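Asker: Residues per chain are reported as follows:
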Amino acid sequence: MPGFRRPSHPVQARTSRPLRPQRKFRPGPWALALVGLLLAGCQSAGGAGGGGAASQRLTVTGSSTVAPLAAEIAKRFETSQPDARVDVQSGGSSKGLADVRRGSADLGMVSRALGPEEDDLQATTIALDGIALIVHSDNPLPALSEDQIRGIFTGAITDWRQVGGPPAPITVINKADGRSTLELFLDHFQLSSADIQADVVIGDNQQGIRSVVGNPAAISYVSIGSALQEAGRGGAIRLLPLGGIAPTLANVANGSFPLSRPLILVRPARGLTPLGQEFLAFAASATNDDLIRRESFVAPPR
Amino acid sequence: MRAAEDRLLLGCLRLAGAAAGSIVLLIVAYLLAEALPALQALGPLRWIRDASWHPAGGAGAGRFNLSPMLIGTAAAATGAVLLATPLSIASALFCRFYAPRRLGGGYRRLVQLLAGLPSVVFGFWGLVVLTPLIGRWQPPGQSLLAGILILTLMILPTISLLAESALAAVPRAYGQAAAAMGLTRWATIRQVMLPAAITGLSSAILLGAARAIGETMAVLMVTGNVVRTPASLLDPVRTLTANIALELGYALELHRSALFVSGLLLMGMVALLVGISEALRPEERHG
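Just so you know, the protein sequences line up as chains A and B, in that order. Note that numbering that gives the first Met the number 0 gives residue 23 to position 24 of the first sequence, counting from 1, and the numbers run on in steps of one. Note that numbering that gives the first Met the number 0 gives residue 168 to position 169 of the second sequence, counting from 1, and the numbers run on in steps of one.
Careful, some of the hints might be misleading.
[As the list claims (entries may be wrong)] Just so you have them, the derived chain A footprint on chain B, three or more residues with Cβ under 8 Å: (1) 134-145; (2) 215-224; (3) 231-245.
Rather than coming from a laboratory, the hints here were simulated on the basis of the structure. These figures come from a predicted structure and were not determined experimentally. Virtual Cβ for every residue (Gly too), placed ideally from N, Cα, C.
The following block holds chain A by itself, in its conformation from the complex (with noise of 0.2 Å):
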């Protein structure tokens, strides 16, 4: 019969006498010395990697929407300075601020522009972070007030027509809790992370940008730079205006765009090791707008 082929089971063996004579398995010395070197490799590499000790060191902790940036940057300053070194730790804004009034770091990374009762510290701009409110670009609707949108992102306003389109329900499509746009999004509306009903939660902008290219109900939000780009190579995507501003780098980059943050550095009053004072200086000069563009920021006017 022509279906069965293939003889390619294998061939039995007749004088099937074992290799060896039979004997449960231990793990013997081989297996816990392997262990043991595998476990003592993690906690060198855990540890702070030690480092010469006539290179300089610098540090830097903060907000973690800086710390990706920050740390390209460094990575760039390190290979013109070989015997500096700068660590990059991100824990929130709020302990770069502590770290660097305690002095346990040299400078901290503040994802905003420093309040009235934050004068002890000294705030030095390397890039400005602005997101854009995205549509459809089949979707005719000129612009959304804040109301409108407040009311869209926590399900008061479930269609279109309630606001003025065709009608369709609205996809809403939010970030993943922790991404710096979303904490930029709920605190310039005035929202919490609960109250939003989203229909679809996304990772980064890119994704954002694809779900809304193949949904011509869907709003989101997502980094301005991303957007323009997207927009700018023909994508079926249009940018909202806010409060009558258009979302423009421009905008973004003179201040006048609502929905927009500098990303900053700060120091102590008191004063900066030189390497500090160099690192700051290379941080806000022109040589990282690419670093810049790749993450999505703007940079800032200079």
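Guided by the hints, dock chain B onto chain A, whose structure is given.
Answerer: Same frame as chain A, now just chain B:
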């Protein structure tokens, strides 16, 4: 009497085996260590009793209900296995017993290619093509259904290839005996080949299920990721893997530790599957 090379080989094999085993143990130990702060701070019940998943608020204000995601993971994996199993067994039977030799070989290559496609490709296709398609029918389209369909595509080649090799391992004499008795091809398959290969087939399905549970990127891109127990196939779900991938980069302290609890839960699910497959396996000891 044993030659020196034999001892060397044995040593190398022991070393490799110990390395493989200790990696798993190390991962479990690491997961436990990272999850411990959250388990201690929150106790065992808040993971299923809290009102929602809003883990950023700390032990007091935060909400830590993982059960919608547990259900989402189980629903997506179960749906995918239910869809993929008949398709892949049919594909294995076609390839092994019905396809002409040339066609069967070419078909197998195609399935192998499908098995090797990176998951992000499936995910991107799902996000750009599949979800808008579902969305045109029932917006938003990012849903449990989309996740199930993508997962089905991804585990289909895995189950199919493993099922085929299970069928190939059935001794040739069985088929010859069935042919000698004048059974039709379908009767041979149904009454001889499938029962004889059932162990291999079930472990193929369980491996597919484990892959479906562990899949992250593709699922994250198409399921909508809203933390809510799905009431229908068209509701969005978030799986445990997507939860970790979405939030780990930004999570601090207790939130971070809570994500390791979802990792632990995931490990538990896969361990359970492996346990089931071991229990189903009849006595078949390798020396």
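Asker: Provide an ascending list of the numbers of those earlier hints which the structure does not satisfy.
Answerer: No hint contradicted; all consistent.
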